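Undergrad: Chains as they are written, first to last, in our numbering: chain L, 1 to 298; chain B, 299 to 557; chain H, 558 to 875.
Read the hints as simulated data drawn from the structure, not as lab findings.
Since the structure is predicted, the reported quantities are computational estimates derived from the model, not experimental observations.
Mixed in with the good hints there might be a few duds.
Unchecked claim - When the alpha-carbon atoms are kept at most 25 Å apart in a straight line, the in silico SDA-like pairs for lysine to any residue are as follows:
no., chain 1, residue 1, chain 2, residue 2
1, H, K865, B, G391
2, L, K33, H, F842
3, B, K431, H, I849
4, H, K735, B, W429
5, B, K426, H, K862
6, L, K33, H, H749
7, H, K869, B, Q457
8, B, K426, H, F866
9, B, K406, H, H749
10, B, K529, B, N307
11, L, K33, H, P852
12, B, K431, H, F842
13, B, K354, L, G291
14, B, K426, H, K865
15, L, K33, H, F866
16, B, K406, H, P864
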Amino acid sequence: MDIFLQQLANGLTIGSMFALVALGYTMVYGVMKLINFAHGDMVAASAFVGLTIYTQVMGQATSLIAVVVIFLLTAAVMACIGIILERVAYRPLREAPRLSAVVSALGASLIIQNGIMLIWGPRMKIFPELVPQVYWDIGGVVISLIQVLILVLSLILMVSLYLFVEKTRIGAAIRASSIDQDAAKLMGVNVNRIIALIFIIGSSLGAIGGLFIGLYYRGITFNMGWQYGLYAFIAAILGGIGNIPGAMLGGMLLGLFNAFIAGYVSSTWADAFTFILLIVILIVRPTGLLGERVAEKV
Amino acid sequence: MAHNELILNNVTKRFGGLTAVDDLSFTVADGQIYGVIGPNGAGKTTVFNCITGIYKSEEGSVQWRGEEIRGMTPYQIVDRGIVRTFQTIRLFGQMSVAENIMSGRHIKSSQSWWHGIVPTLGSRRDEKENWLKVQEQLEFFDLGEFAATPTNSLPYGLQRRVEIARAMAVEPTLLILDEPAAGLNDKETLGLVETIYKIREKGVTVLLIEHDMDMVMEITDYLTVINFGKKIAEGTPVEVQANPAVIEAYLGSEDDDDE
Amino acid sequence: MKNFERYAFPIFFVVMAILPTLLDPRWQAVAITFLIFAVVALSQDIILGKAGMFNMGQALFFGMGAYITAILNSHYGWPILATIPLAVLLPALFGIVLAAPIVHLRGDYLLVVTIGFNIVFVQVLQNNLGGVTGGPNGIFGLDPLSFFGTQLTSQLAVYYFAFIVLLLTLWVMNNLEKSKAGRALHYLREDHLAAESIGINTRVYKIFAFGLGAGIAGLAGTVFATQYAAVSPEAFEFIVSVLFFSIVLVGGSSIPGVLLGVFVMFVLPEIFREFATWRYFVFGFAMILAMILRPRGIWPATFGKIPKFLIKETRHGA
């Protein structure tokens, strides 16, 4: 039972990080029908950007205000990079064959990943201890302040995003663009702006996810983006790609699944089990848990 | 049981809450040119999709030569001699006219999958024979000069003709045409009418959906009129034109589907 | 263009046949690598380029062929060449079994599932499943090539082995283009529903493409294991699959395009070794630029391979 509760806590923490990153994938996919392969590397980059802001800009301060500033600055920097990415690598290819955009996304991924390596070096960096190491032992289950913080902040961000998309006019425009870009255009939606907005939101959420990864795991490497990106993308598919609540649900489920595999089986097989889960879900329910079935129009 | 007879019995197809085809029955006899007409959104294309295996109807039966074909896949149905064209032309756009027509020879070819790796004398001969059949179709449809032209660079009228040529390369018993005159000018439509007569002369039964009333009344032997997925009339063109239900449902609504 | 096609292959053949005698051992090794990766990229072209299926796990089949050769040679003492039938057939069979439940999936899902297969495969190798894969270190110390008892230890022998495998692959691809099966792949890629509606069992041909592509990649794996006399998991990571995926699409899924892509991706970095750390950074820009300027690839595949007797003079210049 102890293992169960411990892995439940760990799983929810990892799951909320997956969910934050998955939102970036699913929103871009929803509107552009493109797997943004560079998103995982953006997440990795944000951990490094946060590290540099901490050492160079904030003078290694760890007060609450300093931490908030680090988060906001990192999110802003990554949002800018996200806009540039969309402008340079994706916008010119919107009318091109689907696979061309996929290759362009892979190219962007290589640029960001190797850009990190060229700037910060190929070796692992240690992310600063921005949050005090406070632990609570609740009946044998150890929970850290960082875990609580990640879970609570992620939930707040996700609920806000959900409300934004469901309740506001801009949110309605995002949903309209996901369903049918051309029809949205005819209804007066500026799709270019919506896409830019999606990259801003996705990249900022990804940036916060990246900082969480840094806080939680401490060790950050230039090539970690693929790993987290792939998991987050699987989370998005599990939930039904293009579906925002689906990405949140998928992220949480995948985090729990991973934690329980690590707790009860072995972490050396975690990837294998995750992909077997994905394959089974896609065979049984190809549109994901919350996705809608779409019939091909003839 | 008559040969080459297509019988639909009480076919019903639903999409969610919408009933696109509602308890529809009709029989296409051997050698007929049979028309299915109805206003926009009446469910005509859905009927064709149910016959050709793209959709499976929830209820009813579709019998071809006495065999139940409901629930078969499209390629199994082609294998039994039923071939179709599409309302929105679906050619292999980047490929040449000849290659497009060659796709119709797929089920007639005697090659196995492994001939794609290691050819034999037999597979080479088969290849040659099928290209000669393609040549016949090119000549029949007067497309010879476009043999090597990619189909997406052809004008619309020619694309329609290539699609019919591709279907005829299968040597079908029943040819299903989904609005073959859509987008054609008067001269091209006349050519199409001639082509359809020539196809019938080859012993092929033709089932078609058409919007062009003049053309339908001229070439079909028998008609079924549907509206909201239901049959509202059937008969020869003369009978149907005189049917008040048709005049009300179909002709009465003509002014709002004149695109 | 016609003349190019007529002369390009004989020239390529002659150049590649005499090339190794002009090279020092280091460049011979680079040339062998080019040949092996060209075969893998062409095998990926069958699945991705011709049949249009988003496969991002080709390194799996490549690695499987390499490991089968390595295991049979090091654990069971089979001569390298004797392992070929199994190194081709087992990956092909595996490709068929893996593809069967997933070929109907929408493009992007197929892509992620094939990445998944690749990652599971590497994890199996690293965890030394069944105790035969040697774990993270892999298997080393394979025998050199031998032919009826004669040992062929020189690198030249490996080169010609790789060259023959490439020629065989080109021959198979040429046969495919002129067959019912090869055309079926083109048709289903262009329009899946139209292909079904003209009588093609698209599922069978999709699985066929996976089986054939996997078998050829497996054969390339045998040559790879021979060249290094060793195999290890990191050579078959899914990032390698990403490279092959990109090579086919940037090249334009034509044979010259794919060979050019392999040359740029694997040979150029050897020439500009001092910029090695910049390699993927530069490739990233090149990939984006290539796709923006030429969305169908640098050297797009051309259709219209129809018999000459069908081509007539045009009457109104259409």
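Undergrad: Please go over all the hints and tell whether each is borne out by the structure.
TA: Evaluated hints:
1. K865(H) to G391(B): Status holds; Cα separation ~21 Å.
2. K33(L) to F842(H): holds, 22 Å
3. K431(B) to I849(H): violated, 41 Å
4. K735(H) to W429(B): Holds, at roughly 11 Å.
5. K426(B) to K862(H): holds, 13 Å
6. K33(L) to H749(H): OK: K33(L) and H749(H) at ~19 Å, within 25 Å.
7. K869(H) to Q457(B): holds, 19 Å
8. K426(B) to F866(H): holds, 11 Å
9. K406(B) to H749(H): holds, 19 Å
10. K529(B) to N307(B): Holds - the C-alpha atoms of N307(B) and K529(B) are around 12 Å apart, at most 25 Å.
11. K33(L) to P852(H): holds, 17 Å
12. K431(B) to F842(H): Answer violated: K431(B) to F842(H) is near 49 Å, above 25 Å.
13. K354(B) to G291(L): holds, 23 Å
14. K426(B) to K865(H): At roughly 11 Å apart (the allowed maximum being 25 Å), K865(H) and K426(B) satisfy the hint.
15. K33(L) to F866(H): With Cα atoms ~43 Å apart, K33(L) and F866(H) exceed 25 Å; violated.
16. K406(B) to P864(H): holds, 18 Å
Figure legend: structure checked against the earlier numbered hints; hints not met, in rising order: 3, 12 and 15.
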